[in-house]
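Chains as they are written, first to last, in the numbering used here: chain Y, 1 to 72; chain U, 1 to 517.
Everything labelled a hint here was simulated from the structure, so no lab data went into it. Hints are supplied without guarantee of correctness; some may be wrong.
To be verified - Result set (PhoX-like, lysine-lysine): computed pairs, CA atoms no more than 20 Å apart in a straight line:
1. K23/Y <-> K60/U
2. K512/U <-> K60/U
3. K23/Y <-> K512/U
4. K268/U <-> K23/Y
5. K2/Y <-> K56/U
6. K513/U <-> K23/Y
7. K268/U <-> K225/U
8. K126/U <-> K56/U
Claimed, not checked - DEER-style ranges, computed between Cβ atoms:
9. R16/Y <-> F54/U: 42 to 48 Å
10. E361/U <-> A37/Y: 43 to 49 Å
11. R16/Y <-> W438/U: 37 to 43 Å
12. M419/U <-> R16/Y: 45 to 51 Å
13. E165/U <-> W3/Y: 44 to 50 Å
14. P45/Y <-> I494/U: 19 to 25 Å
15. G270/U <-> V38/Y: 23 to 29 Å
16. A37/Y <-> G100/U: 50 to 56 Å
17. T498/U <-> E59/Y: 31 to 37 Å
18. E59/Y <-> R334/U: 34 to 40 Å
19. F36/Y <-> D272/U: 41 to 47 Å
What the hints assert, rightly or not - Covered, in the sense of this in silico footprint (three residues per stretch, anywhere, with C-beta under 8 Å from a C-beta of chain Y), are these stretches of chain U:
20. 78-87
21. 117-127
22. 162-176
23. 352-365
24. 455-464
25. 482-492
26. 499-508
The beta carbon of each residue, even a glycine, is placed where N, CA and C say it ideally should be.
Next come the chains, spelled out residue by residue.
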Amino acid sequence: MKWMRQIWTFYYDGFRSMTIGRKLWLIIAIKLVIIFAVLKLFFFPNYIKEHAPEGQEAEFVAEELHIDNYKM
Amino acid sequence: MVNILNIDLTMVDWARAQFALTAIYHWLFVPLTLGLAVIMGIMETIYYRTGSEFWKKTAKFWQRLFGINFAMGVATGLILEFEFGTNWSNYSYLVGDIFGAPLAVEGIVAFFLESTFVAVMFFGWKKVSKGFHLASTWLTGLGATISAWWILVANSWMQHPVGQEFNPDTMRNEMTSFADVALSPVAVDKFVHTVLSAWVLGAVFVVGVSAWYLLKKRHTEFATKSLRVGAVFGLLATLLLMLSGHHSAYTVAQTQPMKLAAMEALYKGGTDQPLTIIAGINPFQQPNYEAADEPPLKIAVPYALSLLATNDIHGYVPGIRDIIDGYTKADGTRELPLDEKIERGKEAIAALQEFRKAKAEGADEATLNSKLSTLNSSMPFFGYGYVDNSAQVVPYIPVCFYSFRIMVGGGCLFVLLFMLIIFWLYKKDVSRARWLLWASLLCIPISYIVSEAGWLVAEFGRQPWTIQDMLPTWVGVSQLGASTVMLTFFLFLILFTTLLAVEIRIMCKTIKKGPQL
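Use the sequences and the hints to build the structure in full.
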């Protein structure tokens, strides 16, 4: 338990004594919110998961690549 | 362009533009992280060895700039993975298994190494021993460099797919040898060349910032000593970079001859090939490589291209037309002409179709094995089955040609810069050479342009392949409307430009404030 407390104190003191670091952490937090809560959620769905029936992904991709109706 | 897949080509262009934009912005942050990591490690090592407070404060100052850049760049690469799943779903599905392992290792290593040791580096100056702190600083850099390794392994696999087997049941490439993927010659060359280029950029940054202090007559001892570390490290890194560049060119010649031909605007190849220094190529138009043997106004170094590409001044280097028409390689094997590759590609697609049909109809194992055997023999040409004409397999020459020259020219410029600085540092008073200090400052933005030019050569040169010979861009994309991608393109442009502006502002403010000596 002592080592856990030491690690906690290490990080706690470190974060408390930050100067420019506070601003940087704020920027990182805003960036992560934009990336995951906005971009990923609203603009970057997984195309195959959204369009292919579950378990039929290979068939879906084969269709997308026109494998099954390809004519030489 | 005839497009058998009926995919909106505007979508392909926008998806490519978006990927390029994201990768270019991401690469604005990465090289400084890798470069400064080594320089601050060197400075802290000097502190560890001498015990001098001056070096401790010097190392701390560069670590602060490293921290700003690190914070700004972190997670910007994640967006590339989002784009794979949305815009490049066919591609993403086909390669999923190959990328899974390297990217998982990258995520774990990056998270544990960087998050642990970055914290010790910034918070631990008064909490841990000098030796442990120094180790943490180096391990932070090592963590970032190992991260880069795995990303570059994934990129290299697209340029030179090895260590995999296509599974026609799952429609995915499956890894057969992790070692082949992780240690392919393309991956090793790309890693060494890219990391060295990042070291050079870091050195130019340190030299440029130090020069600014000397121009302002502030912190002169700090600036002069930082200049010395930056210039000596930069010179060594640039010389190694040139060596690795030679080796990279050799590997490209072996694995992606079309890329080399586009970089050189080599329309018709042969033996004893000269290396073009400059030629009159219209930057806005694909040159007519069918009509001329070489570009106009060409100035070249005799035999140098043969030496670069084959390690022999008389070596044979194929040009664009040779690659389209087919040629005999140095080992005596025949590189097939494009028409034949297209036929083999069509055979592969038809074999895959037949295999899947036979499997669905419950055919016996012997039939399936026979179909599989036909598929496997033509699989290396699979992507050519989607190609209609030769123009589709030639990268956009002007970008490859000029980017290559900017990259090489920049490298030579930095050698000169570092040598001049070292000369003035040791033989004269560098603070009096104001022209050199201004040149050093100017080299900071130039180093970014040069670094990005390197990526343009690598990525434009491999067009049209998302996976070399296996999957062209117009087959790898999702069947989305271009307007969706356009919207996110501009969103990214705003987001990344804001991030960049914030970074430059915080960085300039911190530099202006100076080291707390």
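Status of the hints after comparison with the structure:
Taking the CA atoms of K23/Y and K60/U, the gap is near 18 Å; set against the 20 Å cutoff, the hint holds. For the hint pairing K512/U with K60/U, the CA-to-CA distance comes to about 15 Å; that is within 20 Å, so the pair holds. The straight-line distance between the Cα atoms of K23/Y and K512/U is roughly 17 Å, inside the 20 Å bound, and the hint therefore holds. Taken as a hint, the K268/U and K23/Y pair is broken in the structure, with Cα atoms around 56 Å apart against an allowance of 20 Å.
The hinted pair formed by K2/Y and K56/U fails the criterion: a straight-line CA distance of about 30 Å is larger than 20 Å. Our distance criterion of 20 Å between C-alpha atoms is met by K513/U and K23/Y, whose separation comes to about 16 Å. Using a Cα cut-off of 20 Å, the hinted pair K268/U and K225/U is violated, with the two alpha carbons roughly 51 Å apart. Simply put, K126/U and K56/U have alpha-carbon atoms about 12 Å apart, close enough for the 20 Å limit, and the pair holds.
With their beta carbons about 28 Å apart, R16/Y and F54/U fall outside the hinted range of 42 to 48 Å. Take E361/U and A37/Y: their Cβ atoms lie about 48 Å apart, and the range 43 to 49 Å holds. Taking 37 to 43 Å as the suggested C-beta distance range, the pair R16/Y and W438/U conforms, at roughly 42 Å. Taken as a hint, the range 45 to 51 Å holds for the pair M419/U and R16/Y, whose Cβ atoms sit roughly 46 Å apart.
E165/U and W3/Y have their C-beta atoms about 47 Å apart, which keeps the hinted 44 to 50 Å range intact. One distance hint, 19 to 25 Å for the beta-carbon pair P45/Y and I494/U, holds here, with the actual separation near 21 Å. One distance hint, 23 to 29 Å for the beta-carbon pair G270/U and V38/Y, is violated here, with the actual separation near 55 Å. With their beta carbons about 25 Å apart, A37/Y and G100/U fall outside the hinted range of 50 to 56 Å.
Look at T498/U against E59/Y: about 42 Å separates their beta carbons, and that is not inside 31 to 37 Å. The hint said 34 to 40 Å for the Cβ distance between E59/Y and R334/U, and at roughly 37 Å that hint holds. The beta-carbon spacing between F36/Y and D272/U, approximately 56 Å, falls outside the hinted interval of 41 to 47 Å. With a cut-off of 8 Å between beta carbons, the segment 78-87 of chain U has 7 residues touching chain Y; three or more are needed, and the interface restraint holds.
Restraint check on the segment 117-127 of chain U versus chain Y: 5 residues with Cβ-Cβ distances below 8 Å, three needed, restraint holds. Three residues within the 8 Å Cβ limit are the bar, and the segment 162-176 of chain U against chain Y gives 4, so the coverage statement holds. Counting residues of the segment 352-365 of chain U whose beta carbon lies closer than 8 Å to any beta carbon of chain Y gives 4, which meets the minimum of three for the stated coverage. Counting residues of the segment 455-464 of chain U whose CB falls under 8 Å from any CB of chain Y gives 0; the rule of at least 3 is not met.
For the segment 482-492 of chain U, the assignment as covered by chain Y holds, since 4 residues bring a beta-carbon within under 8 Å of that chain's beta-carbons and 3 suffice. Counting residues of the segment 499-508 of chain U whose beta carbon lies closer than 8 Å to any beta carbon of chain Y gives 3, which meets the minimum of three for the stated coverage.
Checked against the numbered hints listed earlier, the structure breaks hints 4, 5, 7, 9, 15, 16, 17, 19 and 24; every other hint is satisfied.
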